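Sequential numbering of the sequence shown, starting at 1, is according to this note's numbering.
Just so you know, these hints were derived from the structure itself, not from any lab. Heads up, some of the hints might be wrong.
Across the chosen pairs, the derived CB separations fall in these ranges [stated by the list, open to error]: (1) Thr35 <-> Cys77: 24 to 30 Å; (2) Tyr90 <-> Asp44: 32 to 38 Å; (3) His43 <-> Ala76: 31 to 37 Å; (4) Arg11 <-> Gly94: 39 to 45 Å; (5) Arg11 <-> Ala76: 16 to 22 Å; (6) Asp34 <-> His87: 29 to 35 Å; (7) Thr95 <-> Ala46: 26 to 32 Å; (8) Ala47 <-> Pro24: 20 to 26 Å; (9) Lys17 <-> Pro63: 17 to 23 Å; (10) Asp107 <-> Glu85: 17 to 23 Å; (11) Asp107 <-> His31: 24 to 30 Å.
Owing to the predicted nature of the structure, the values given are computational and were not obtained by experimental measurement. Idealized CB from N, CA, C, for every residue including glycine.
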Amino acid sequence: MATAVIPHTLRQPREIKLHQLPAPVADQLNHLLDTADQHAGNHDLAAYALLHAQAVSLIGIRPPARGELARCTCQACYCDTVFDEQHARYYTDGTVEFIQCPGCVDDHLIHVDD
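Based on the sequences and whatever the hints tell you, model everything.
Dropping the structure here:
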């Protein structure tokens, strides 16, 4: 009887909690994602994609479908989840945009703009 082989990427977590990472790794991840955001603002999408790929590799998360990670900034619980951006929900509070991970959407849907 053959044993099913699970691809390596399917064994990786879909999300990571920043506070569960060693501080130097969390700092490096935040630096990569902040730098990626700066490149996105400058329309340098190649650098943006490369930085997200480095972040994925750094934390060992399952590669996002579109290659982009997001950090939950939910103001209801101050979650620190890093996850596949494709599953993010965005909401605004005044002029500030916040991101919710799927868990926060399930737990406390807040002012979600569709």
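These are the hints, each one checked on the structure:
no.: 1; hint: Thr35 <-> Cys77: 24 to 30 Å; in the structure: 27 Å, holds
no.: 2; hint: Tyr90 <-> Asp44: 32 to 38 Å; in the structure: 22 Å, violated
no.: 3; hint: His43 <-> Ala76: 31 to 37 Å; in the structure: 33 Å, holds
no.: 4; hint: Arg11 <-> Gly94: 39 to 45 Å; in the structure: 41 Å, holds
no.: 5; hint: Arg11 <-> Ala76: 16 to 22 Å; in the structure: 31 Å, violated
no.: 6; hint: Asp34 <-> His87: 29 to 35 Å; in the structure: 21 Å, violated
no.: 7; hint: Thr95 <-> Ala46: 26 to 32 Å; in the structure: 30 Å, holds
no.: 8; hint: Ala47 <-> Pro24: 20 to 26 Å; in the structure: 23 Å, holds
no.: 9; hint: Lys17 <-> Pro63: 17 to 23 Å; in the structure: 18 Å, holds
no.: 10; hint: Asp107 <-> Glu85: 17 to 23 Å; in the structure: 19 Å, holds
no.: 11; hint: Asp107 <-> His31: 24 to 30 Å; in the structure: 29 Å, holds
Taken one by one, the earlier hints fail for this structure at numbers 2, 5 and 6, listed in ascending order.
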